[in-house]
Amino acid sequence: MYSYSDFDAAFVTERNRQFRAQVERRIAGHLTEDEFKPLRLMNGLYLQLHAYMLRVAVPYGTMSGPQMHQLATIADTWDKGYGHFTTRQNIQFNWPRLRDVPDMLDALADVQMHAIQTSGNTIRNVTADHFAGAAQDELADPRPVAELLRQWSTDHPEFQFLPRKFKIAVTGSPNDRAVTRAHDIGLRMIERDGAIGFEVIVGGGMGRTPMIGKVLRDFLPQEDLLPYTEAVVSVWNLLGRRDNKYKSRIKITVHEHGIDAIRDMVEDRFTLLRSQFTGVDATHLARISKDFAAPAFVTQDTAPFDLAYQRDPVFRSWVDTNTSSHRAPGYAIAQISLKAHGQTPGDATSDQMRAMADLAERFGHNELRVSHEQNIVLPHVHKSNLPTVFAILQQHGLATANIGLVSDIIACPGMDYCALATARSIPIAQEIATRFDELGNEHDIGDLKIKISGCINACGHHHVGHIGILGLDRAGTETYQITLGGDHTETAALGVRTGPGFSAEDIVPAVERVIDTYLAIRTAPDETFLHCYNRVGMVPFKAALYTTSEHADAA
Amino acid sequence: MARAFVPKVVTANDLLEGDVIYLTADNQWSRHLHEAYIVTDTDQADQRLADSQGHANAVGIYLADVTLTGPEPVHFREDFRRRGPSNYHHGKQAAS
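Chains as they are written, first to last, in this note's numbering: chain U, 1 to 555; chain Z, 1 to 96.
If you're looking for bench data, these hints aren't it; they were derived computationally from the structure.
Mixed in with the good hints there might be a few duds.
To be verified - Below, a list of computed lysine-lysine pairs in the DSSO-like style, where the Cα atoms sit at most 30 Å apart:
1) U:80 x U:37
2) U:37 x Z:92
3) U:214 x U:245
4) Z:92 x U:80
5) U:165 x U:245
6) U:167 x U:290
A quick note: this is a predicted structure, and the numbers were derived from the prediction, not measured.
Between the sequences and the hints, there should be enough to build the whole structure, so can you do that?
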């Protein structure tokens, strides 16, 4: 894992000192809210419906056991004993008091964490494949590049007042787990003639105008990454619309000017910038890469795993559902579901955080990941330790075997917390998960991504959910629209709206009708929901949704 | 014909705690909607909103629709602000 240099530590300390002084000036009345707001946002501090919210960056979703322990301590000391892991691989604390925030930031700095650029019109926390460095299908670990981008973008003087926020995602695997096609820049590591480079995707995004990103460069040599990325952001920084925030993201710029025109401008700018990068970035990347060297994988007998797998059906179900293939022999990637049925997606109590931190320290080479699907990953667990890991997870309510299933729902905080939301998301997720737990058929249903957003900004990724749900305010009533057929992977696609929305009472039965339809028409149990939808289209689902008396009554 | 004026309260978030506050009849801020002063016409609403802008401990001041009796929130967003989140017994509902 990356470890702060003296420069990094001094930078974060100084930034925290500045913010402490800004908070003091605000409280003393020397700064107005208009003056203070951009300063607090630059440091991840929002004011939401019921309280402030501090958004802490977990760079590319990677953290250590001690870092997770510190998050638990922060939750207990200054918040309400829990944290919310987000689709941006961050963690949010929902109840801090303004006076306490500088202390929280100092506590974060003690474990090399911060909240810088988790908000504001800046380059945000760079996200990456949550299986990075562990996945069997991986070409190369994307995290050194993500860290390089983080250092380059942090406090970058040209990019502190961008037209709007800017999000970069990196994957080193052909199987895209980082949703690269729905980011402002998506970087997919590829190999050409034995050299690593990137397919550069630009202009993807969700929000009110969802777009699948377009290929800007089919192969960018690794050594050109920073000048090229800088060229992209600087072209957009000049062209991007500041007159209308709904048209300010780079996806609109690409849409309005066309990908070819943008490409030409970027290449011109790149030619200029490339000569200014003297190669120090490549040297620095090589240094960063050393911090991401693979852990010292051990060779151990997997017999304890084999025996438990054979004998214990509950353990077997968890292994089959929550673990994935690891590149090292005898190892597995274990996902810890933060989606226990009926609980808030992405939430972990401080006790659960400590349990996960301990597991990482004892059995996971001291590494944890936050996935954009709002779960926690132990990326490196030797299989012989899985039975113990599972037993400990069970003791802490963390052993739900539902990764990738109907109850593994992404949900934004929605109107339970967020000032921008138009409807609640969390209760809908809780009710869907509880309903399918009662039905007991989620393993039969199989791979299914439900993603819920409480407003058009789409933090809950509903556009790329197999079943997407968007909560809106329709004439003073919470109303939920359904989209079908979205895909967040390398075959990214935007979901299609089924038709009129449903009330809060009707949305869960509506989802159930969609899934019942799928179960009735799938050709075989291994035909996934998405495959089935892509084969048959909208018609049967629409019929199931809108021809029942229930909806006729509601409409 | 002009549309009938919907009664309103002046509301904001507290600077230090961040929680929801309401402007009372004597220009103080209360944690409770039932202590809020209800404005009943446009001029009064504009005046109280303008007067409250100078309050250093209130952030994001705005007018929210309410019913005359109670008062009760008209919109569900204001109902959630008054109560707290639905997933945990936190926020105002925990204090009451």
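- Query: Hint by hint, which ones does this structure get wrong, listed from lowest number up?
  - Reply: none
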